[in-house]
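Q: Here is how the chains run, residue by residue.
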Amino acid sequence: MSARQFVNDPDEFVSQALEGLQLAHPHLVQVSTDPALVLRTPKDGDPPKVALVSGGGSGHEPLHTGFVGLGMLDVAVPGAVFASPTAYQVRAGIKAADRGRGVLLIVKNYTGDVLNFSIAAELAREENIEVEIVLVDDDLATDGGDDGGPGRRGTAAVVAVEKICGAAAERGASLTELADLGRRVVANSRTMALALQACTHPGQQRPSFDLSDDEVEFGVGIHGERGVGQRSFGPASELVPALAQPVVDALRLRRDESVIAIVNGLGSTHALELSVVHRELAAFLEGIGIRIERALVGSYVTALDMRGCSITLLRCDSTLLELWNAPVRTPALAW
Amino acid sequence: MSARQFVNDPDEFVSQALEGLQLAHPHLVQVSTDPALVLRTPKDGDPPKVALVSGGGSGHEPLHTGFVGLGMLDVAVPGAVFASPTAYQVRAGIKAADRGRGVLLIVKNYTGDVLNFSIAAELAREENIEVEIVLVDDDLATDGGDDGGPGRRGTAAVVAVEKICGAAAERGASLTELADLGRRVVANSRTMALALQACTHPGQQRPSFDLSDDEVEFGVGIHGERGVGQRSFGPASELVPALAQPVVDALRLRRDESVIAIVNGLGSTHALELSVVHRELAAFLEGIGIRIERALVGSYVTALDMRGCSITLLRCDSTLLELWNAPVRTPALAW
Amino acid sequence: MTALTTEHARAWADRFVSVGAERNDELTELDRQAGDGDYGTNLRSALRRAAVNLADEPTSPHEVFLAVSEAFLNTGGTSGPLFGMWFREFAKATKGREVTAVVLGEAATNAVAVVQRLGKAEVGHKTMVDAMVPAAEALSAAAARGSTVPDALAEAASAAHVGAASTERLLAKRGRASYVGEHARGVVDPGALTVAYFFDAAATPQS
Amino acid sequence: MTALTTEHARAWADRFVSVGAERNDELTELDRQAGDGDYGTNLRSALRRAAVNLADEPTSPHEVFLAVSEAFLNTGGTSGPLFGMWFREFAKATKGREVTAVVLGEAATNAVAVVQRLGKAEVGHKTMVDAMVPAAEALSAAAARGSTVPDALAEAASAAHVGAASTERLLAKRGRASYVGEHARGVVDPGALTVAYFFDAAATPQS
Ligand SMILES: Nc1ncnc2c1ncn2[C@@H]1O[C@H](COP(=O)(O)OP(=O)(O)O)[C@@H](O)[C@H]1O
Ligand SMILES: Nc1ncnc2c1ncn2[C@@H]1O[C@H](COP(=O)(O)OP(=O)(O)O)[C@@H](O)[C@H]1O
Ligand SMILES: [Mg+2]
Ligand SMILES: [Mg+2]
Ligand SMILES: [Mg+2]
Ligand SMILES: [Mg+2]
Chain Y
55 MSARQFVNDP
65 DEFVSQALEG
75 LQLAHPHLVQ
85 VSTDPALVLR
95 TPKDGDPPKV
105 ALVSGGGSGH
115 EPLHTGFVGL
125 GMLDVAVPGA
135 VFASPTAYQV
145 RAGIKAADRG
155 RGVLLIVKNY
165 TGDVLNFSIA
175 AELAREENIE
185 VEIVLVDDDL
195 ATDGGDDGGP
205 GRRGTAAVVA
215 VEKICGAAAE
225 RGASLTELAD
235 LGRRVVANSR
245 TMALALQACT
255 HPGQQRPSFD
265 LSDDEVEFGV
275 GIHGERGVGQ
285 RSFGPASELV
295 PALAQPVVDA
305 LRLRRDESVI
315 AIVNGLGSTH
325 ALELSVVHRE
335 LAAFLEGIGI
345 RIERALVGSY
355 VTALDMRGCS
365 ITLLRCDSTL
375 LELWNAPVRT
385 PALAW
Chain X
55 MSARQFVNDP
65 DEFVSQALEG
75 LQLAHPHLVQ
85 VSTDPALVLR
95 TPKDGDPPKV
105 ALVSGGGSGH
115 EPLHTGFVGL
125 GMLDVAVPGA
135 VFASPTAYQV
145 RAGIKAADRG
155 RGVLLIVKNY
165 TGDVLNFSIA
175 AELAREENIE
185 VEIVLVDDDL
195 ATDGGDDGGP
205 GRRGTAAVVA
215 VEKICGAAAE
225 RGASLTELAD
235 LGRRVVANSR
245 TMALALQACT
255 HPGQQRPSFD
265 LSDDEVEFGV
275 GIHGERGVGQ
285 RSFGPASELV
295 PALAQPVVDA
305 LRLRRDESVI
315 AIVNGLGSTH
325 ALELSVVHRE
335 LAAFLEGIGI
345 RIERALVGSY
355 VTALDMRGCS
365 ITLLRCDSTL
375 LELWNAPVRT
385 PALAW
Chain L
15 MTALTTEHAR
25 AWADRFVSVG
35 AERNDELTEL
45 DRQAGDGDYG
55 TNLRSALRRA
65 AVNLADEPTS
75 PHEVFLAVSE
85 AFLNTGGTSG
95 PLFGMWFREF
105 AKATKGREVT
115 AVVLGEAATN
125 AVAVVQRLGK
135 AEVGHKTMVD
145 AMVPAAEALS
155 AAAARGSTVP
165 DALAEAASAA
175 HVGAASTERL
185 LAKRGRASYV
195 GEHARGVVDP
205 GALTVAYFFD
215 AAATPQS
Chain D
15 MTALTTEHAR
25 AWADRFVSVG
35 AERNDELTEL
45 DRQAGDGDYG
55 TNLRSALRRA
65 AVNLADEPTS
75 PHEVFLAVSE
85 AFLNTGGTSG
95 PLFGMWFREF
105 AKATKGREVT
115 AVVLGEAATN
125 AVAVVQRLGK
135 AEVGHKTMVD
145 AMVPAAEALS
155 AAAARGSTVP
165 DALAEAASAA
175 HVGAASTERL
185 LAKRGRASYV
195 GEHARGVVDP
205 GALTVAYFFD
215 AAATPQS
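Residue numbers (my numbering), protein chains in the order written: chain Y, 55 to 389; chain X, 55 to 389; chain L, 15 to 221; chain D, 15 to 221.
In case anyone wonders, no lab produced these hints; they're calculated from the structure. Worth double-checking, as some hints may not be accurate.
Unchecked claim - Taking CB as the label site, the calculated pair distances span: (1) L:V194 <-> Y:D197: 54 to 60 angstroms; (2) X:R260 <-> Y:D197: 35 to 41 angstroms; (3) Y:R225 <-> X:P381: 53 to 59 angstroms; (4) Y:S266 <-> X:A296: 34 to 40 angstroms; (5) Y:R345 <-> X:D303: 33 to 39 angstroms; (6) X:P381 <-> Y:I342: 37 to 43 angstroms; (7) X:R179 <-> Y:W389: 36 to 42 angstroms; (8) X:R383 <-> Y:Q284: 40 to 46 angstroms; (9) L:R131 <-> Y:P96: 56 to 62 angstroms; (10) X:P381 <-> L:G51: 43 to 49 angstroms; (11) L:D70 <-> X:G257: 51 to 57 angstroms; (12) X:E279 <-> Y:P96: 43 to 49 angstroms.
Unchecked claim - Partial chain Y-side listing against chain D, Cβ under 8 angstroms, derived: (13) L93; (14) P96; (15) A137; (16) A141; (17) Y142; (18) T165; (19) G166; (20) N170; (21) S172; (22) I173.
All C-beta atoms, glycine included, are put in the ideal place defined by N, C-alpha and C.
Chain Y on its own, in the form it takes in the complex:
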């Protein structure tokens, strides 16, 4: 079995894909190339709002470039595949996004991203742009306690942060309010993922790791690395509770609490499969008395063509729910 992609020069993969994104959505986004940025197409008469900027390595599409638009991001800053954008690139994104009310940076917790976004924030502050950072670190598989290590990785909860803060920004929330809100979303979100098959880097022929026919990789991230260990493959009705239980435990979710659930495909997981996963998740949560207020089921934060899925739960209240439900118009998310 081969693993080829639609690609020209792998070094141009991201920049050519950005051109394609712009061509597909000229009314929603604009792409600049040096440095690479995806910008919300401005509408005349929009009142100035706090700007939202996110980004990180590519290969996770539609994240983040597909979430630029009304009710979500103002600018996405894409790096090369699985590599952080540079500090200057992020600074350019901040400057392009700022409309005088400050800029919220939404950063997934990876060393390179944290470094480059933090530096960009410092540089922008020197130019009198107010910047706040929300660090997203929802991935339970990397919850190593307080050992001074890099901490939990940021994965699918970032979609909730972008959606909810995006909605609040449209309603005029201040930078401080948005930073608090974003942190509240992060504090109340956890994610767990598993892979049925690893991913293949552009231009490569082999997946990044092998799994035997009867095992799945638990606790994978979104960069094709191995997870925390293998478990036996099994029906969805077994795999899904094994993913969801640790999330419920980590959030200390209790009977009668409400959540927003994100059932996320990691790249090559079919829509039918994700629907089955969601059914199992709903059954599992119903069994322990937890109510799903809203669900997002689809491939939103991918690891190239990895087969697998992640489950994110966000403990929600009426404020978060209302912001989640607010209108959004981006290439990849619209309601």
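Go by the hints and put chains X, L and D with the ligands onto chain Y.
A: Same frame as chain Y, now just chains X, L and D with the ligands:
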């Protein structure tokens, strides 16, 4: 490499996925189980309109179940994986959809679908429901001339038919007008697809056919069958024109004409790849003076987890364009 | 002029259900050799539904045929809906009427016409039509000669068998068997054979 | 009290660019043994940009450091942005000032503080910090003793080399090398070595 899915009993795959769909989108769709139907959640006070019903074998999601909602389908009728729904099931769909102004059936050209939808139409007419059928047969790879065979298969152009007729139905078009409109879309659409890797049926371990590392399968359909022949693998800049040229030829598109383009992933094709494909398509069409008015780039008509893509062009005029741009709110398509 | 009684119709349908089950493997094997091998699966699920519907105690031949028709219209494959519409014409023609051989001949004639309209197969295309057409002709001819219902049905069964057997030497022009070309030659069409078994089932078993 | 001239600063930066290119394979190999092997790629692209920026003819040491800083801030990896911020402090401290050894000592002290604030590495964590800290200390001490700029920089270079060499026996606590545990022992940290090469490049070549 293994090819496992999130699935419980493969025989329950579709019905459990439908439950998941309903749980994920309670505000948009309702699912009935015996027979299996996906119904638009009615809004009070909607004026009666001509109802749109489509369906066919499952495994092509988000088609058709993901396109139920405002501005597209009223009912989707899903069969088992790659198998037509039954005539009675379709009749039940027609009866559930009808609001007294008649029902438009949008049917992809496969023997089983044509048979069951035609029979259902006859049965419904006997119960005094007005029914018209639009047959979608856009797949160039099966264009065998007029040999009395089954004719061209129906593939991604069905999305355009559903979108455009859906919009016209919301505006009060009559059944006859909708049937004419749908046929006009079909007459002006052609599609060509290629696979980089075959798909794997639920519960199976091996893809439906093998390709060596240096070949791609040209002219595949959406049921995992082989296409019309192998070609050498190559960069996107070579593969895409090879797909698009026959479509341009078949539609006799000429310089200064306008099209709506659908760049469709067949299941496991990454968003970045589809963006690259779209970039190449745009470059190719620009080179021959054809203008892309609107583009839809994503995995909308899949063949389970097939790697590959199809390119559909629809020659468009201001009427079609305006209907394409009209609002739509479904699980899988919203703007 | 004897008419088809509800009991006879019911026994006919019941025997069809059991013969279909007995012949399932044989029919599947034929579809495997010159089709996609799911004929038996499709037929089995139709006959199971038919048995369920027949358990509702139909009170007329019309209701018997309707029970069988609805079962087939609720199943898949190409054979399911075509047989469903075929049986449906038997139900229609017998509705509220005394079911004479003439009525059955009329039913069979209408029925094959519907199948041909929907499936676009002619005699010689190696489909169920190759058995349906001669059966309808034999029924009508027997009725015109004043045959009893059992005799007319027996003639239909013979004609259907001859028609089914004729498909063995044919190349298929319709259905999946048409994709396999020469491979289909030498294989009897399972749809046609099913039609013959259906008429066989009308005969009262010698006890 | 001699000050760093623009010419000297420029020559220093140019030599750093060429030494970095010469040492690229060696540095990559170190990152390969105890990291992810992309150090050379990151450094090369930073130095290429630096060369482009330097071609704009900077008119002060401040502009020279800024050119190098911006090049690094435009590149990836962990080393790129950290070096970018490190050089940036040299640019800041020298802005509009006569660049004495005292100023350079102040710059190096601020610079390593920024790197430590951002990267959270202490001495002994097997990173560039292990060379930056002793270099800054040596520079400041030399300045306090009234050394000339060339002498102070030569002392910084020696101290940086000692610091870099000290990383060989360490286990990494920061960066990717920290994921490979014992495998990193015996491997000099490429970031630390680059710091030493940078100070080496300040010396006027013996011609
Ligand atoms: N166009 C047609 N008209 C009439 N009968 C047909 C036609 N195509 C196929 N058949 C019949 O259907 C039978 C195959 O049925 P089945 O296996 O259920 O369908 P499928 O071919 O869809 O798997 C064939 O043996 C043949 O008798
Ligand atoms: N937290 C840190 N603080 C300071 N320097 C670090 C840190 N982490 C890594 N480094 C330095 O970065 C170098 C590796 O750089 P590079 O290969 O560009 O980054 P990456 O590890 O992201 O591939 C290491 O040799 C080390 O000197
Ligand atoms: Mg068959
Ligand atoms: Mg079949
Ligand atoms: Mg490295
Ligand atoms: Mg690296």
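Q: Does each hint hold? Answer for all of them.
A: Going through the hints against the structure:
1. For V194 (chain L) and D197 (chain Y), the Cβ-Cβ distance of about 58 angstroms falls inside the hinted range of 54 to 60 angstroms, so the restraint holds.
2. Checking the proposed 35 to 41 angstroms range against R260 (chain X) and D197 (chain Y) shows it holds: the Cβ atoms sit about 37 angstroms from each other.
3. At about 22 angstroms, the beta-carbon gap between R225 (chain Y) and P381 (chain X) misses the expected band of 53 to 59 angstroms.
4. For the hinted restraint 34 to 40 angstroms between S266 (chain Y) and A296 (chain X), the CB-CB distance of approximately 38 angstroms keeps it satisfied.
5. In this structure the supplied range 33 to 39 angstroms is violated for R345 (chain Y) paired with D303 (chain X), their Cβ-Cβ distance being about 55 angstroms.
6. Distance hint check for P381 (chain X) and I342 (chain Y): the Cβ-Cβ separation is about 39 angstroms, which falls inside the suggested range of 37 to 43 angstroms.
7. Between R179 (chain X) and W389 (chain Y) the beta carbon distance is about 37 angstroms. The supplied range of 36 to 42 angstroms therefore holds.
8. Hint check: R383 (chain X) to Q284 (chain Y), Cβ distance near 42 angstroms, so the stated range 40 to 46 angstroms holds.
9. A hinted range of 56 to 62 angstroms for the beta carbons of R131 (chain L) and P96 (chain Y) is consistent with their spacing of about 59 angstroms.
10. At about 46 angstroms, the beta-carbon gap between P381 (chain X) and G51 (chain L) stays in the expected band of 43 to 49 angstroms.
11. Judged by the Cβ atoms, the range 51 to 57 angstroms given for D70 (chain L) and G257 (chain X) is violated: they are separated by roughly 35 angstroms.
12. Between E279 (chain X) and P96 (chain Y) the Cβ separation comes to about 47 angstroms, which falls inside the hinted range of 43 to 49 angstroms.
13. This hint is violated: L93 (chain Y) has a C-beta 19 angstroms from the nearest C-beta of chain D, more than the 8 angstroms allowed.
14. This hint is violated: P96 (chain Y) has a C-beta 26 angstroms from the nearest C-beta of chain D, more than the 8 angstroms allowed.
15. For the restraint placing A137 (chain Y) at the interface with chain D, the shortest Cβ-Cβ distance is roughly 5 angstroms, inside the 8 angstroms limit, so the hint holds.
16. A distance limit of 8 angstroms between C-beta atoms decides the matter here; for A141 (chain Y) the minimum to chain D is near 5 angstroms, and the interface restraint holds.
17. Annotation: interface hint on Y142 (chain Y) holds; nearest CB of chain D at approximately 5 angstroms, less than 8 angstroms.
18. With a cut of 8 angstroms, the hint placing T165 (chain Y) at the interface with chain D holds, because the nearest CB-to-CB distance is about 6 angstroms.
19. Residue-level restraint check for G166 (chain Y) holds (minimum Cβ-Cβ distance to chain D is 6 angstroms; threshold 8 angstroms).
20. Evaluation of the N170 (chain Y) hint against chain D yields a held restraint, the C-beta minimum of about 5 angstroms falling below 8 angstroms.
21. Satisfaction of the interface hint for S172 (chain Y) is found here, the shortest Cβ-Cβ separation to chain D being roughly 6 angstroms, below the 8 angstroms cut-off.
22. Restraint check, I173 (chain Y) versus chain D: the minimum CB separation of about 5 angstroms is within 8 angstroms; hint holds.
Of the hints listed earlier, those the structure fails to meet are numbers 3, 5, 11, 13 and 14, in rising order.
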